[in-house]
Amino acid sequence: MKIHHLRNVTFVIEAEDKFILVDPMLGKKGTIAPFTLFRYKAKRNPLVSLPKNSQQILDKITDCLITHLHPDHLDKAGEEFLREKNIPIVCNSEDKKALLKRGLNVRNALNYWESQNYFEGKIVGIPAKHGYGWVSGLMGKVMGFYIELSNSPSIYISADTVFTEDVNRALTELNPDISVVD
175 MKIHHLRNVT FVIEAEDKFI LVDPMLGKKG TIAPFTLFRY KAKRNPLVSL
225 PKNSQQILDK ITDCLITHLH PDHLDKAGEE FLREKNIPIV CNSEDKKALL
275 KRGLNVRNAL NYWESQNYFE GKIVGIPAKH GYGWVSGLMG KVMGFYIELS
325 NSPSIYISAD TVFTEDVNRA LTELNPDISV VD
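Per this note's numbering, the sequence shown starts with residue 175, numbered consecutively.
Check each hint, because a few of them may be wrong.
[Said to hold, decoys possible] Pairs of lysine-lysine, DSSO-like flavour, derived with a Cα cap of 27 Å: (1) Lys275 to Lys303; (2) Lys250 to Lys217; (3) Lys259 to Lys215; (4) Lys176 to Lys234; (5) Lys192 to Lys176; (6) Lys275 to Lys202; (7) Lys296 to Lys192; (8) Lys259 to Lys234; (9) Lys250 to Lys270; (10) Lys296 to Lys217; (11) Lys303 to Lys250; (12) Lys192 to Lys215; (13) Lys202 to Lys234; (14) Lys259 to Lys275; (15) Lys215 to Lys203; (16) Lys270 to Lys226; (17) Lys275 to Lys215; (18) Lys203 to Lys176; (19) Lys176 to Lys215; (20) Lys303 to Lys271; (21) Lys259 to Lys176; (22) Lys296 to Lys234; (23) Lys226 to Lys275; (24) Lys176 to Lys226; (25) Lys270 to Lys217; (26) Lys226 to Lys202; (27) Lys234 to Lys203; (28) Lys250 to Lys271; (29) Lys234 to Lys215; (30) Lys217 to Lys234; (31) Lys202 to Lys192; (32) Lys217 to Lys176; (33) Lys234 to Lys250.
Quick caveat, the hints were computed from the structure, so don't treat them as lab data.
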């Protein structure tokens with residue numbers, strides 16, 4: 175297994191003939207409004223350009239995981255890419271309707287702690303939370319993923335989350351070989 179980091183939380187899991195894109199923020203540098211206005215000096219996003227080899231990697235994408243619908247995890251360019259290539263998507267069941275409305279190909283929609291067949295293995299939806307208290311409610315639903323594929327190490331993708339009992343459970347009970355914590 176290889177992990178190709180493209181930017182922010184956008185990366186590709188390469189496992190044999192599978193290339194799984196996670197949270198595609200694929201727009202050009204500076205094409206999205208700032209995510210903060212008060213705490214830090216506002217900067218347009220993405221802050222960096224995609225790496226030079228990104229198109230070569232993106233040409234091989236077979237599947238996509240979307241943890242939630244914030245633009246730093248799925249921007250307009252990411253949506254266009256997924257639509258044009260008709261890439262199958264795995265997402266939280268609560269995001270399915272919105273993604274279908276955007277013309278995307280949702281193959282699997284998971285509930286929290288639900289396990290489904292995924293290629294020759296399985297995928298489990300792991301609860302995630304953006305923050306504590308009322309902030310968490312304002313920021314919306316998030317889902318991490320635990321994946322087991324044949325002939326590959328297991329991997330846990332935390333998504334945008336603070337440390338919770340669910341994160342602890344994913345790390346201790348599922349005991350992934352690789353953890354990508356964003």
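Each hint, compared with the structure:
no.: 1; hint: Lys275 to Lys303; verdict: holds (25 Å)
no.: 2; hint: Lys250 to Lys217; verdict: holds (18 Å)
no.: 3; hint: Lys259 to Lys215; verdict: violated (36 Å)
no.: 4; hint: Lys176 to Lys234; verdict: holds (13 Å)
no.: 5; hint: Lys192 to Lys176; verdict: holds (11 Å)
no.: 6; hint: Lys275 to Lys202; verdict: holds (24 Å)
no.: 7; hint: Lys296 to Lys192; verdict: holds (14 Å)
no.: 8; hint: Lys259 to Lys234; verdict: holds (10 Å)
no.: 9; hint: Lys250 to Lys270; verdict: holds (17 Å)
no.: 10; hint: Lys296 to Lys217; verdict: violated (39 Å)
no.: 11; hint: Lys303 to Lys250; verdict: holds (24 Å)
no.: 12; hint: Lys192 to Lys215; verdict: violated (39 Å)
no.: 13; hint: Lys202 to Lys234; verdict: holds (20 Å)
no.: 14; hint: Lys259 to Lys275; verdict: holds (17 Å)
no.: 15; hint: Lys215 to Lys203; verdict: holds (17 Å)
no.: 16; hint: Lys270 to Lys226; verdict: violated (32 Å)
no.: 17; hint: Lys275 to Lys215; verdict: violated (34 Å)
no.: 18; hint: Lys203 to Lys176; verdict: holds (25 Å)
no.: 19; hint: Lys176 to Lys215; verdict: violated (35 Å)
no.: 20; hint: Lys303 to Lys271; verdict: holds (21 Å)
no.: 21; hint: Lys259 to Lys176; verdict: holds (22 Å)
no.: 22; hint: Lys296 to Lys234; verdict: holds (21 Å)
no.: 23; hint: Lys226 to Lys275; verdict: violated (32 Å)
no.: 24; hint: Lys176 to Lys226; verdict: holds (18 Å)
no.: 25; hint: Lys270 to Lys217; verdict: violated (31 Å)
no.: 26; hint: Lys226 to Lys202; verdict: holds (12 Å)
no.: 27; hint: Lys234 to Lys203; verdict: holds (22 Å)
no.: 28; hint: Lys250 to Lys271; verdict: holds (17 Å)
no.: 29; hint: Lys234 to Lys215; verdict: violated (37 Å)
no.: 30; hint: Lys217 to Lys234; verdict: violated (31 Å)
no.: 31; hint: Lys202 to Lys192; verdict: holds (26 Å)
no.: 32; hint: Lys217 to Lys176; verdict: violated (31 Å)
no.: 33; hint: Lys234 to Lys250; verdict: holds (20 Å)
Of the numbered hints given earlier, the model fails hints 3, 10, 12, 16, 17, 19, 23, 25, 29, 30 and 32; all others are met.
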